[in-house]
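Peer 1: The chain contents come next:
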Amino acid sequence: MDLMGIPLFGVASDRMSYLAMRHEVIAENVANANTPKFVARDLKPFSEELKNAVVTMERTRPGHLPISSTAGGKLRMDGKSQTWELVPSGNGVSLEQEMLKASDTVTSYALVSNIYKSNVNLLSQAVSGPR
Amino acid sequence: MSDPLTAAMAIASTGLQAQSTRMRVVSENVANANSTSDVPGGDPYRRKTVTFDAELDRAIGASMVKVKAIGVDKSDFRMNYDPSHPAADAAGYVKLPNVSALIEMADLREATRSYEANLNIIEQARTMMMRTTDLIRRN
Numbered sequence: 008m009d010l011m012g013i014p015l016f017g018v019a020s021d022r023m024s025y026l027a028m029r030h031e032v033i034a035e036n037v038a039n040a041n042t043p044k045f046v047a048r049d050l051k052p053f054s055e056e057l058k059n060a061v062v063t064m065e066r067t068r069p070g071h072l073p074i075s076s077t078a079g080g081k082l083r084m085d086g087k088s089q090t091w092e093l094v095p096s097g098n099g100v101s102l103e104q105e106m107l108k109a110s111d112t113v114t115s116y117a118l119v120s121n122i123y124k125s126n127v128n129l130l131s132q133a134v135s136g137p138r
Numbered sequence: 266m267s268d269p270l271t272a273a274m275a276i277a278s279t280g281l282q283a284q285s286t287r288m289r290v291v292s293e294n295v296a297n298a299n300s301t302s303d304v305p306g307g308d309p310y311r312r313k314t315v316t317f318d319a320e321l322d323r324a325i326g327a328s329m330v331k332v333k334a335i336g337v338d339k340s341d342f343r344m345n346y347d348p349s350h351p352a353a354d355a356a357g358y359v360k361l362p363n364v365s366a367l368i369e370m371a372d373l374r375e376a377t378r379s380y381e382a383n384l385n386i387i388e389q390a391r392t393m394m395m396r397t398t399d400l401i402r403r404n
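Respectively, the protein sequence lines represent chains A and B.
So for the first sequence, our numbering puts the first residue at 8; every next one is plus one.
So for the second sequence, our numbering puts the first residue at 266; every next one is plus one.
Treat the hints loosely; a few may be bogus.
As the list claims (entries may be wrong) - Cβ-Cβ distance ranges computed for the label pairs, FRET-style:
no.	chain 1	residue 1	chain 2	residue 2	range
1	A	Thr114	B	Thr271	33 to 43 Å
2	B	Thr397	A	Ser135	21 to 31 Å
3	A	Val94	B	Glu381	24 to 34 Å
4	B	Val304	A	Val94	35 to 45 Å
5	B	Arg323	A	Gln89	21 to 31 Å
6	B	Thr316	A	Thr90	53 to 63 Å
7	A	Leu107	B	Arg323	26 to 36 Å
8	B	Arg402	A	Ser54	27 to 37 Å
9	B	Arg343	A	Leu107	18 to 28 Å
10	A	Leu130	B	Thr398	18 to 28 Å
11	B	Asp322	A	Thr90	19 to 29 Å
Claimed, not checked - Here are the computed lysine-lysine pairs in the PhoX-like style, where the Cα-Cα straight-line distance is at most 20 Å:
no.	chain 1	residue 1	chain 2	residue 2
12	B	Lys313	B	Lys339
13	A	Lys44	B	Lys333
14	A	Lys108	A	Lys51
15	B	Lys313	B	Lys333
16	B	Lys313	A	Lys108
17	B	Lys313	B	Lys331
The set of hints was computed from the structure by calculation and includes no laboratory data.
Don't be surprised by glycine CBs; every beta carbon is placed ideally from N, CA and C.
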């Protein structure tokens, strides 16, 4: 059985990889917090990525093409992400803003991983019966 | 493509490295704030500066930070009238380094702040990794 074929697991793992990639982008911003002419970047919101995911037919055989997923690393940068400040050297990274985004990422990740885990528990309970 | 969380840690560690180089240069400047020349009329210690540059790491596909160059501050030296000083010129003036303690302290504060931000990113990436590995733990 393909666990990712169950919509909730698929979306949860997509969300988790989205958050991991967003954390990487934030790390880039923070590392370059004092680099001249570096402007902070961000990913497009997850809801937009979900909208763009193509709905495909169900796979009934392993030879069928896989279902689309945002986890393939083709996430796009948000062109119009707003930065809070621009210093004279041309640097547009606000550490406060980045810290806010990073903590937001971590809490969302915790939420999604808990949802994932509780669904695994649900499934295993359905399989094994009450213990 | 490498794991984004590992990549985030690698990127943040280049940030740590760059900021600590900056702190080293600041401490050099502060330590040499009064280093004059030992010959009459000679130039004293010149303040050093650090410039950062974003560098694309091809293996990870992300911009790391690196120290582009350690340059020198070309501003004028401070002149102090002190004829008894061994480095005093014919008119009795001594050239003092162009180091301002206030600027160095401000620079040091900024470096510390950025360093802490990078540490935070590593800590958070670690938390996220732990969350992922916790998924295989039974209950």
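Peer 1: Of the numbered hints stated previously, which ones are contradicted by the structure, given in increasing order?
Peer 2: Checked against the structure, the hints that fail are numbers 1, 3, 6, 9 and 16, while the rest are satisfied.
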